[in-house]
Structure formats: C-alpha cells, structure tokens
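Colleague: What follows is each chain in one-letter form.
Protein chains: 4
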Amino acid sequence: MPLVKPLPAFLVSRYHGWRATTYEENKAWYRRLANEGQRPRMMVISCCDSRVNVNALFGAQTGDIFLHRNIANLVPPYLPDGDPHGTSAAVEYAVSVLKVSHVIVVGHSDCGGVRGCMDMCEGHMPELEEKSSFIGRWLEILRPGYEEVSKITDEAERIKALERAAVSVSIRNLATFPFVQKAVEDGSLTLHGLRIDIGDGVMESMTGEGWNFAVV
Amino acid sequence: MPLVKPLPAFLVSRYHGWRATTYEENKAWYRRLANEGQRPRMMVISCCDSRVNVNALFGAQTGDIFLHRNIANLVPPYLPDGDPHGTSAAVEYAVSVLKVSHVIVVGHSDCGGVRGCMDMCEGHMPELEEKSSFIGRWLEILRPGYEEVSKITDEAERIKALERAAVSVSIRNLATFPFVQKAVEDGSLTLHGLRIDIGDGVMESMTGEGWNFAVV
Amino acid sequence: MPLVKPLPAFLVSRYHGWRATTYEENKAWYRRLANEGQRPRMMVISCCDSRVNVNALFGAQTGDIFLHRNIANLVPPYLPDGDPHGTSAAVEYAVSVLKVSHVIVVGHSDCGGVRGCMDMCEGHMPELEEKSSFIGRWLEILRPGYEEVSKITDEAERIKALERAAVSVSIRNLATFPFVQKAVEDGSLTLHGLRIDIGDGVMESMTGEGWNFAVV
Amino acid sequence: MPLVKPLPAFLVSRYHGWRATTYEENKAWYRRLANEGQRPRMMVISCCDSRVNVNALFGAQTGDIFLHRNIANLVPPYLPDGDPHGTSAAVEYAVSVLKVSHVIVVGHSDCGGVRGCMDMCEGHMPELEEKSSFIGRWLEILRPGYEEVSKITDEAERIKALERAAVSVSIRNLATFPFVQKAVEDGSLTLHGLRIDIGDGVMESMTGEGWNFAVV
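Chains as they are written, first to last, in our numbering: chain A, 9 to 224; chain B, 9 to 224; chain C, 9 to 224; chain D, 9 to 224.
Here chain A stands alone, though its shape is the one from the complex (with noise of 0.2 angstroms):
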C-alpha cells in the first residue's frame, strides 16, 4: 500500500471552484504576490483548532497576514539550545525577516489543549504525564499559567482564566527573545493579546494595564 494517497476528490472539486472564481478574479494580484513576495503587516499566533477563523475574523486577505497555528496559541520561552523549535523559528522569521509591524496572539474559548493542560496540572490525566506525550510535553509551556489560576474556584471561571493566561504566558514569553525585546523597544513592533468567544463571538483584548482583558 503505497503511503501517500492522491487528494480526495470533493477537495480537487472546491480546489478547481476556487481557481476558477477567487482565482481567477484576483490571478493579477497573486502574481505580483508571487514575484515581489509577501510584505504582510502582522503575524498572528492562533490555536490549530478548526472554529478559530482567523482570516475572516479580520477581513484580511491573501497576503495579509503571517499565519502560525500550534496546540492552544503557545510561544515557549526562548532557548536557543540547538534543538528544532517550530514556533520559536515562525516568530523569528516574521520579526527578524519579515519585519511584521505587530504580533498578535488569539486564544479562543472551549480550547482542547488549555482544558487538558488544566487536568493534567489537577491529575486527572496521568496519560499527559508520560515521558511520552507529546501533547503533555507541549502543554507544560502553560504549566505557569495554571499556577497563577489555580485558586480560582469555580470551574468555569479557572478555565476562562487559564484561556487568558494562555495568551499571557506567551505573550510575556515573547518578551524573552532578544530580537523581539529590541523591535518593541525601538517602536518597530507591538504586541497584542486576544481571546474569542467560540459561540458568542465575542472578542476581548488585553488592555496593556496588568494582564486585564476588556471586550472589543
């Protein structure tokens, strides 16, 4: 059995509607993207998950933004120990490279990897513990946030917070590179911290003061 498989034909059939429609419409403008490259404006760190539309929730387009999705939006601190590091190369190609004018992390509500984290942190997960996990290895990076969230009774509130501290953590973890510490200080870059409502779609946005987050 050979390993690869060609594409499944439903997605051929909207691939070939998209060449023949958006395309087609804007095949002058892909061009010129393709022969003077790409000059985006911002890169945004979102969660793989498949309800967090990052495109469409700012009505950005091909071209606009430089776009990293990992397990529930985290940056690791920096450590540049030799070893591949995924999210640590995308934020040093968008700002030493690219030289994005803003950085911006999305967290969303209902987020899988954050609630694991969380049961994980509580012991309800032994599995996410192992050696082994590479989902529980990942999630560490979180481990300090669930600390600050911890004491937070109520389980719904010490989820939302634990989602806001998801941003947080890697926000403050961005502030450990050293190429990302000296564009903020020289005003060539800003850091932005969001979080949105899976089913209200509401957005709230860190406001600079503290770790506070306000609605849009």
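Read the hints as simulated data drawn from the structure, not as lab findings.
All C-beta atoms in this analysis are idealised placements derived from N, C-alpha and C, irrespective of residue type, glycine included.
Be aware that a few hints might be false.
[As the list claims (entries may be wrong)] A few chain A residues that don't get close to chain B, going by computed Cβ distances all over 10 angstroms:
(1) 13
(2) 22
(3) 127
(4) 130
(5) 131
(6) 134
(7) 155
(8) 157
(9) 162
(10) 163
(11) 164
(12) 165
(13) 168
(14) 190
(15) 196
[Unchecked claim] Pair by pair, the computed Cβ-Cβ distance ranges are:
(16) D:132 - B:10: 43 to 49 angstroms
(17) C:105 - B:35: 55 to 61 angstroms
(18) B:40 - D:109: 55 to 61 angstroms
(19) C:159 - D:10: 21 to 27 angstroms
(20) B:151 - A:25: 36 to 42 angstroms
Following the hints, complete the assembly by docking chains B, C and D onto the known chain A.
Modeller: Relative to the frame of chain A, chains B, C and D by itself:
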C-alpha cells in the same frame, strides 16, 4: 511602557464588521460548534506564509480544518525525548484525540523557508548554521530533502524540487509516528501531499507512485 | 496680507489627536511604508464629493488604495497632445508604475457634477457652456453619456442613468489608453464600475453584461 | 471578454461589513446628507499616494472634506482655454459652488511624482520628457519649483525642498484664479499648505512668512 498594547483600531473595526455580518448570519452554527466541540474531517499542515490561504483553497468553513502552520510546512521525525515539540503535539492531537480522516501537507512556491534551507546547505548563509538561529535549526529537518535534490543543476528546478521535498520528507516523517502508522494501517487515516503555485494557482498532488507530483 | 495662513487650530488639534493615537499605534507599519514604498493592490477613481468615503466603504487602510478623485469620477479619452492631463497621469502612474491589479470607478447618487452636466446638456445652465467655465468644460467628457440617457422621460430615472453613465463612459475611456488595454489583455489588470447611494448605502456593481448594474 | 468585471468578492464582503456597522450606525446622518446635499467646510488637495490618508489625519467624517487627489498634489495656473482641466474644475466647484472656507494643499514625503519631476528636470528620465508621457506633462507644472531648489546640493534636502515646492507652487497657482483671489480678498476663503512625513508622522505647515514651513 506596557508590554502589550490594545488591538489596533483598524482591526477592531474589521472585527465589528465580521461580527455584524458573518457571525450574525452563522451564529446558530457557531453556538453548536461551541457546545458540541469541533469535529474536523481533516488536518492540514501548511506554511505560515501569508500567501497560502488554506481555507480559501478548499472552500473550507469555520469548523472544517484543524490547521497547523509552521515555517516550510515541516514535520520532524518521531522523537519522544520529553522536550516540547509543537508540530508533533498538533499531529498527536489531530490523529489520537480528534481522529481526523486525512492529514494533508501543503507546500508552496517561492517559500522563504525552503530557499533558506537551500542557501544554508550550499554554504551561502552561515548565520543560519549558528546554534542560536531558530530558523536554521528548524530547517535542519529538511536537510535530508536537500541531499536528494542537490544534484539538480538548474537552480529554479532545484528549488522547486526542494519545495516538493518539504512535503515528501514531512510525509515520511509522519509515518514514523506509531499512532500515525497504526491509523494508516487500519484504514482510518490517509496522508496527502500538495504543492500550490502562488502566482499561477496551479496545484500539484503526490500521486502515491514513488514521490511524484501531478497537476490536480 | 500673506497669501497663506497657518493651519486652523481645530485641524491642528485633530492632527495632534491622530498623531497620539492612530500614528502611535501604527508607526512601525508607517515607517515600513515610508522605507519600502507603497504597493497598493488597487486604484480607485471617485468623485471629490465629501460624502463619498472610499476607505470606509472598503475597510481600507493607509497603503491599500491609490486614490484619484475628481469632479464626477470622470476619465477622459486617451489624448497624448502634450498638455497636462491630471487624470490620465494618475491612471498612467497606477497602471504603468505601480502596476495595480484593479482600477475601480466609483460613482454616487446626488452627484452635483452629473446634475450640472444634465442641466448644461438640456440648456438650463448657459454659464456652464462658457469657454471660461472649468466645470462645464470638464463635464463635456460626460456628454456622450447624456446622449444615451436623454430619452428617459422620468427625471429621477434620467439622472440616475447619467450617474451610471459617468461610470461606464469612464470605463470605456480607460480602455482607450494603450497601457490599460495591454494590462487588461495580459490579465494583470481588471476594471470595475460601482455606484453607491449616499442615502440608503446601497452599492451597485457593473456586471460585465452590457453596461448593466446590479445590487451588490 | 467583457471589458468590466464584477466587484471582487473580498471587496463585496468588506462593503457588507461597512453596511452592517458604519452605515447602520450613521444612517440618519447619511440620509440627511443625501436629502440636503453636502456642505463641506474645506477642500483638500492631496496626492493619490495610498499612504496619504487625509480623513484619518484630520479625524474627518463623511461629509466633512471635499477631496481632490492627483499626482503630487499639483494645481496648474489659471488657463481658461476651453480644454478640460480636472483640477481647475474641482477648485472652481469647491470655491464658487460649495463656497468652502478653506483650501488646504497637502504634500508628503517620499512622493513618487516629485521624485519623477526632479529626475526629469535633471535629465535622468528622458521617457518623462516625451510628449506621450502623461506623467511627465503633468509634472511640468512643478518645473518652476524645481528651478528654485536646484541649487541645493544635498540630494535628500533637495527632494524635501521640492516636496515643499509642490505645495507652495500650487498655492501660488491657486492665487491666479480670479474667483480664488476674490474669495481670499473678501475674507471668505483662506489657503493653507502642509507637508506630512509618512514615516515619522510629523506635519509641517506653511507659516505665511515667505514660503516657510514649520512643524505643527
């Protein structure tokens, strides 16, 4: 100076536009997605490049695609060493928790990461070889791909071959994860590889015969 | 008495407001736009009328739209006679230098220029027929459009038809410029025509079938 | 192939966002603007450059500014020769019909038109000297400004001086229109000249003492 700034006004305004139109039109569906959780049919692994608009290519909607994006759409080999591996965590979550039916790796033309890998492997970018270069260390994942294409003398052909290798190497690395192997073997998961040309909109798909690509 | 006066205080104050907020929030991006130059995706040709807010209509930002505005959004026919033609110069700059992907002509309801053209053509405003009337001589560009709508008896319908003709005549004149023709033919440029109603906010777009407009 | 294409979908979508938010919020005002006509306090003459956002600079709203934009914000001298002069028509409409209180000419840094004029006057762009170059023939209006700054040896200073001259020459040309003269003399109109730096956001205004500019 506060570390984080409120969301720029132009994004606030565009978000309000989304909320008044797209959200309003689809809120029953979004509420269900919030209440019942996501159930995406597929995972897509693409590049962060702002010119790769995965949802547009596949006419996909909120809830359809579990989307991981990193530099050069790379998947590292299976390495359960206890360190955080964001891409491996995303693959594990998609396959073991969400049980997606397809994992699709989407490469693209004019990829800055692939170009950087070639320049590094050919000795033209010593800064990418530094231990402190996150971009360089991440692109090491593609070095075995470079070895396979290095004999192609025409530079344009060599870079195109390396863009395809960024897909096929990732597919091969995916197959080193035990939970991926198992799902492929029991027929619950299929793997697919694509490359999209940004300028002319032509998509190629791996055929399953060797590592060949054919226009879709 | 000096010919020129300092900027009125209320504008100074509003500018300081802009500088302290919008500029401050976006200065990294503005600096890049200054260093790297503009790369607008589209040119818009609209009327000078204060009620036509092109950037707002399209959620556009600084850097997005190359914007030419004149009385009644008119483009004259190609006439390389060595005299200064501001509109033709703007079109040449957008298409030949900036290589925009779209030229969009935006007409509007209640247009004073269009009304003046109709009054002039129907003999009600002899002062517009004087050689010294810049307004009258400019509106001659629209006279061929008046000929096409003059048989419509209902005045409100006739004026609305002439507002649409101010768009379609401009599109036809655009097509007389060799560099526009060439760009349209090689697929690097598309032309679009719109009319926005100021009072009810309804936008019509030329459909490409004949010279018809349909609500967007 | 039809000459004109329907509005691209991304602009349709952004327009719907505008209609559902900005329009909806302000529709009472927009209806009054439609019923009673515009009554703008000022005319602004700026460059078409996508980086000059006049409404943003002055916190202006729909209905506030009668806005003419052309290459390099130039006003030609009074020349009632019966040919179409778009800029002169716009000035006549603003001053004689709308009776605006202010005409403000807004220049800017990094102006492609001003740069083209300097290159042409210094013999570096013979293609702009051709009779068929609309850009070149339009920029002739600024040639007298070039004569005044040509002795400045530092190139960056010379170009900045020419950007200022694009404003002051236009102001002087405005004063050659009899209806402008009359309105200035009877105190119903004032003229103003500005230059905005795109990168650092600093605005300079003509002071009225000679042709000097001072930071606002």
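Colleague: Could you check the structure against the hints above and give me the numbers of any it violates, in ascending order?
Modeller: 1, 2, 17
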